[in-house]
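Chains E and R, in that order, give the protein sequences. Residue numbering for the first sequence follows the numbering used here, starting at 1 and increasing by one per position. Residue numbering for the second sequence follows the numbering used here, starting at 1 and increasing by one per position.
Since the hints were made in silico from the structure, they are not lab data. Beta carbons: idealized from backbone N, C-alpha and C, even for Gly. There could be a bad hint or two in this list.
Said to hold, decoys possible - Across the chosen pairs, the derived CB separations fall in these ranges:
1. R:192 / E:193: 35 to 45 angstroms
2. E:105 / R:159: 29 to 39 angstroms
3. R:173 / E:172: 33 to 43 angstroms
4. R:99 / E:19: 23 to 33 angstroms
5. R:122 / E:19: 29 to 39 angstroms
As a plain string of letters, each chain reads:
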Amino acid sequence: MNPTLPAPLAARHRPASLRALFIAFTWLALQGFGGVLAVVQRELVERKEWLTQEEFVEDWAVAQVLPGPNVVNLALMFGGRMFGLAGALTALAGLLAVPLVVVVLLAVLHAHFAASPAVEGALRGMGAVSAGLIGALGLKLAGALATNPVPLAWSIAIGIAGFVLIALLQVPLLYVMLVLGGLGCVLAWRGLAA
Amino acid sequence: MTAPLQLVLGWHDWLTLFSHFLLLSLMSVGGAISTTSEMHRFLVEQHHWLTQAQFNDSIAIAQAAPGPNVLFVALMGWNVGMNAGSVAAAVLGVGVTMFGILLPSTVLTYAASQWGHRNRHLRAVRAFKQGMAPLVVALLMATAWILASAGGSDASHWRLWLLSLVSGLIIWRTRLHLLWILGAGALIGALQLL
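Produce the complete structure using the sequences and hints provided.
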């Protein structure tokens with residue numbers, strides 16, 4: 001007995017080699033201004049189809065709960081599933097190596113350009129776009145909730161309560177995860193039995 | 001403006017820095033950014049290895065640069081090294097802080113995700129991963145909200161909010177490449193239209 005994943009959960013494509021994995025993560029990291037997460041979904045789910053929307057949500061939930069930067073955790077998990085330890089380290093290196101050089105160069109140049117209003121304005125503009133980018137990702141993933149074992153009405157209630165607690169009331173993430181995440185897990189556990 | 005720091009760092013200091021970041025790594029549930037207040041206490045207030053301005057700039061530059069947000073940690077290491085007087089020390093600082101913040105969480109994430117993947121058919125594993133999905137959506141919308149309000153939340157910043165909203169809708173509904181949208185945001189900002 002070797003059960004395989006149900007058909008809708010298995011993504012259609014996968015990286016051909018460690019090299020392809022490295023390049024993919026470098027490329028998506030370099031597009032990530034103000035955060036890489038939304039770009040991961042854009043590149044790996046929508047463009048390359050290495051992950052389905054559902055797999056992405058599940059991986060991200062795990063990446064979020066474990067310590068460490070979420071995107072780093074996601075890269076480790078994805079790379080590890082594709083090519084084992086070598087894949088995990090390759091994805092991690094792709095995510096960090098080139099952007100690390102870029103960010104240090106920017107820090108060195110910072111003193112020369114910080115005073116320029118054009119640069120300051122451009123950074124504000126990119127910041128506003130990345131806010132929209134994350135919001136769009138949330139809307140896209142909300143669509144995947146329809147097929148989730150958690151009943152849809154409960155999903156909506158948890159979603160709204162989570163947003164209010166974190167964005168508006170600024171309750172520490174840990175408590176919100178324990179209570180609302182725990183509630184979601186219990187509901188999913190019951191939904192999976194039915 | 002605070003005076004630039006002139007540090008003399010011995011091996012014992014580097015070891016202290018390294019072990020502190022190892023510890024922070026294990027506490028960084030929700031991302032390295034959630035431990036910034038502790039980094040501030042350690043680097044700025046307790047040891048005086050960074051000035052307040054260097055601390056703030058490290059975060060701001062990493063946010064504006066492409067790549068994962070965790071790279072702000074590398075910039076803190078870089079600045080500690082530069083305060084110690086040389087580029088070599090700065091490179092060492094990057095290595096010490098980045099390995100420190102990534103090593104424990106990486107080992108833990110890799111082990112946990114391999115275990116989870118092997119046991120992915122267990123009802124508890126599936127319930128956990130799928131049950132977190134509604135909260136994942138909530139977290140994304142909250143992050144978008146927080147990023148959008150970073151530009152300023154009063155009515156005079158309506159142009160920034162509008163840019164966030166419009167770019168979010170475009171990304172949600174189209175497959176236009178992200179770099180075009182980011183570029184447009186940067187251009188609008190650079191032209192002082194925000």
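Outcome of the hint check:
no.: 1; hint: R:192 / E:193: 35 to 45 angstroms; result: violated (59 angstroms)
no.: 2; hint: E:105 / R:159: 29 to 39 angstroms; result: holds (30 angstroms)
no.: 3; hint: R:173 / E:172: 33 to 43 angstroms; result: holds (34 angstroms)
no.: 4; hint: R:99 / E:19: 23 to 33 angstroms; result: holds (24 angstroms)
no.: 5; hint: R:122 / E:19: 29 to 39 angstroms; result: holds (34 angstroms)
Hint 1 from the list above is the single one not met by this structure.
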